[in-house]
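Asks: Next come the chains, spelled out residue by residue.
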Amino acid sequence: MASVTIEQVIKRYGDTQVMHGVDLDIQDGEFVVFVGPSGCGKSTLLRMIAGLEDISDGTIEIGGTVVNEVAPAKRGVAMVFQTYALYPHMTVYNNMAFGLKQAKMDKAEIDKRVRAAGEILHITDYLERTPKALSGGQRQRVAIGRAIVREPEVFLFDEPLSNLDAALRVQTRLEIARLHKRLGTTMIYVTHDQVEAMTLADKIVVLRDGRVEQVGAPVDLYERPKNTFVAQFIGSPKMNFFAPSALAATAPADLRGGSEDALLVGIRPEHLRVCEPSEAIVTARLDLIENLGEHVLAHMVATDGTEFIAKMETLPEGADTSAMQFTAAPERVHRFDKASGLRQ
Amino acid sequence: MSDRTLPRLLQTPAVLLLLVWMLVPLGMTLFFSFIRYVLNSLRRPEWTSPSIDNWRGFGNYQFVWNNDGFWLAIYNSVFIVTSIVVFTVIFGLAIAILVNRSFPGRGIVRVLLISPFFVMPAVNAVLWINMILDPVLGLQGIAVAGLNEMIDGLRDFPVLGGFFSLWPELSPISFRATQTSAYAVIIMVTWQWTPFAVLIFMTSLQSEDQQQKEAAILDGAGKWSMFRNLTLPHLGRPIAIVVMIQAIFHLSLYAEIEIVSRGNGNKNLPYLIGEFATNNIGAASAAGIFAVILANVIAIFLLRMVGKTLMD
Ligand SMILES: Nc1ncnc2c1ncn2[C@@H]1O[C@H](COP(=O)(O)OP(=O)(O)O)[C@@H](O)[C@H]1O
Ligand SMILES: [Mg+2]
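Chains as they are written, first to last, in the working numbering: chain C, 1 to 344; chain B, 345 to 656.
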């Protein structure tokens with residue numbers, strides 16, 4: 001087990017710079033998720049930790065040692081790839097044993113480790129099969145098994161669930177969480193899916209265009225997003241934003257007041273609730289309703305034309321859908337600077 | 345009509361044509377191999393036309409079997425084919441892996457690499473035997489003469505000269521000689537067919553999964569281990585294809601052997617057949633049937649060996 005420290009890391013491909021000085025502290029045993037839209041540099045950062053990409057500038061430390069010049073296999077990391085990257089001509093057993101054989105480990109010890117990993121991941125029945133004869137979920141387990149047997153200091157996952165179907169994704173997500181609990185090893189996990197990030201992470205790192213936008217516990221990011229980007233990225237459906245002019249006359253003065261270009265008010269769909277006209281923050285008409293069974297998503301249009309979503313259990317009976325009033329608890333109302341997007 | 349009848353009917357002409365194409369020459373060869381049939385005979389003019397009356401049974405086969413050149417020809421056929429296949433696969437692999445990385449001018453290098461394949465076999469043989477391998481006028485002769493001259497010059501040095509005077513004069517190898525002509529054929533055909541192997545291996549290398557390699561790097565595999573465990577198995581099928589196609593092709597080598605030595609010492613089966621066929625069609629046909637048998641033996645052997653790779 002080891003901590004990982006990233007300092008001022010920069011990555012250039014030729015003339016184009018894709019990582020712009022990333023700083024990050026990952027504690028021993030922590031489950032850290034890199035999340036961000038496609039192309040933001042999550043994989044690049046992970047691959048630099050693994051040693052598959054050179055570090056253009058800055059340093060990466062694993063367990064207190066700078067690993068910039070250390071060979072990938074000597075960094076004590078193991079990686080699970082998005083495409084699994086199993087060795088197609090080897091049996092499942094040999095796929096898992098390959099790294100240990102390269103390290104000239106004792107045969108009996110290899111056998112012990114492979115079988116133990118097989119037990120954990122419930123793949124003992126397939127040990128003699130080749131990857132071709134496995135389903136996607138089974139291949140994913142083998143890929144994880146291949147990482148486990150090496151008993152690494154740090155596990156790296158690059159979008160490991162994105163090739164699985166929805167049901168399997170939820171199940172495997174749980175298993176990865178269980179695995180972390182069981183092994184207690186530092187894990188770094190890359191995904192573009194904020195649900196995976198929220199459910200798995202001890203700490204989420206939100207990336208955008210090669211920069212860290214915010215680092216924090218899932219709840220922190222949800223409750224106190226640093227800027228509009230994080231606010232929109234974390235949570236589903238996305239946070240609603242209102243200009244002061246979109247708000248009702250009854251809204252608190254500090255929201256309505258201030259200059260028009262200075263403020264952006266953010267309220268999550270699940271925090272909006274229907275209220276009396278006297279306490280309304282925003283007044284709107286119903287455009288469309290999506291019924292998801294456990295709750296409904298009401299697509300609303302505010303008086304000035306701003307579109308937003310309200311999430312509630314049911315639409316109040318007999319409500320006048322042409323003019324509905326919404327409010328939210330004061331601590332659920334986020335204020336952002338309109339120009340910079342920063343939280344006020 | 346059942347579901348399958350119509351497709352079968354539609355296939356019939358093609359299948360029939362192929363059968364006729366194969367069976368007629370094979371049937372004629374078989375027939376000729378069992379009769380006495382020569383192109384010229386003053387003593388027995390009746391043998392000059394193919395007729396069942398000239399039935400000879402297995403006489404032609406016996407004649408070929410006991411011919412001095414027959415076993416040498418079989419041995420040479422197998423030796424030449426095997427050597428060419430082994431060398432082209434080894435060189436093909438090495439070159440394909442080398443040019444698979446990116447470097448300036450890679451496009452041109454690739455085109456140049458392929459070009460030997462487009463030289464006519466006869467031209468290839470003439471160029472090699474006269475301009476490169478010739479012991480006097482070829483590159484080989486010039487190179488050996490140059491080396492000799494250089495060593496000669498070094499002999500005049502004090503002290504060191506004594507060492508060099510112990511060296512024997514190098515003599516160039518004559519590749520038209522009985523003992524060496526098969527090597528000449530192997531060299532020139534290997535040169536011509538290595539590009540074929542390179543071409544096939546290169547396309548296959550480009551489809552190799554890069555993440556597997558990265559996984560192997562993280563597993564601590566070195567270059568050789570990666571080649572052994574990932575690249576080579578990945579190339580299993582293309583190697584099988586290269587081996588099969590070449591084995592079938594090179595069993596019928598002719599032009600190179602004719603040009604290098606007129607079959608002196610390195611006749612293979614086709615060349616022997618050609619010699620018989622200058623007059624004795626019966627014997628040539630019997631030798632032809634032996635060639636068919638040899639080709640089938642090799643084909644079965646190869647299919648056993650590489651078939652598994654192809655079926656996977
Ligand atoms: N080999 C490369 N050469 C040039 N640019 C690259 C290379 N690999 C990635 N990039 C660029 O780096 C950025 C980050 O890529 P990546 O880390 O793969 O994003 P993510 O995994 O977050 O989707 C992208 O803009 C991508 O175009
Ligand atoms: Mg990625």
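Hints in this document: simulated from the structure, not taken from any laboratory. Errors might be hidden in some of the hints.
Stated by the list, open to error - Here are the simulated distance ranges between beta carbons:
no.	chain 1	residue 1	chain 2	residue 2	range
1	C	109	B	567	41 to 51 Å
2	C	94	B	567	38 to 48 Å
3	B	475	C	70	51 to 61 Å
4	B	554	C	165	38 to 48 Å
5	B	355	C	209	53 to 63 Å
6	C	163	B	446	42 to 52 Å
7	C	129	B	350	38 to 48 Å
8	C	177	B	644	54 to 64 Å
Every residue, glycine too, gets a C-beta built ideally from N, C-alpha and C.
Asks: Using the Cβ atoms, figure out if residue 177 (chain C) sits within 54 to 64 Å of residue 644 (chain B).
Replies: holds (56 Å)
Asks: Quick one: are residue 129 (chain C) and residue 350 (chain B) within 38 to 48 Å, going by C-beta?
Replies: holds (41 Å)
Asks: Holds or violated: the 38 to 48 Å window for the beta-carbon distance between residue 554 (chain B) and residue 165 (chain C)?
Replies: Violated, since residue 554 (chain B) and residue 165 (chain C) (Cβ atoms, about 25 Å apart) do not stay within the stated range.
Asks: Does the Cβ distance between residue 163 (chain C) and residue 446 (chain B) fall inside 42 to 52 Å?
Replies: This hint is violated: roughly 29 Å between Cβ atoms.
Asks: Kindly confirm whether 41 to 51 Å is satisfied by the beta carbon distance between residue 109 (chain C) and residue 567 (chain B).
Replies: violated (26 Å)
Asks: A range of 38 to 48 Å was offered for this pair. Does it hold for the Cβ distance of residue 94 (chain C) and residue 567 (chain B)?
Replies: This hint is violated: roughly 20 Å between Cβ atoms.
Asks: Measuring from beta carbon to beta carbon, are residue 355 (chain B) and residue 209 (chain C) in 53 to 63 Å?
Replies: holds (60 Å)
Asks: At the C-beta level, are residue 475 (chain B) and residue 70 (chain C) separated by a distance inside 51 to 61 Å?
Replies: Because 54 Å falls inside the window, the suggested range holds.
When the structure is compared with the earlier hints, violations turn up for hints 1, 2, 4, 6 and for no others.
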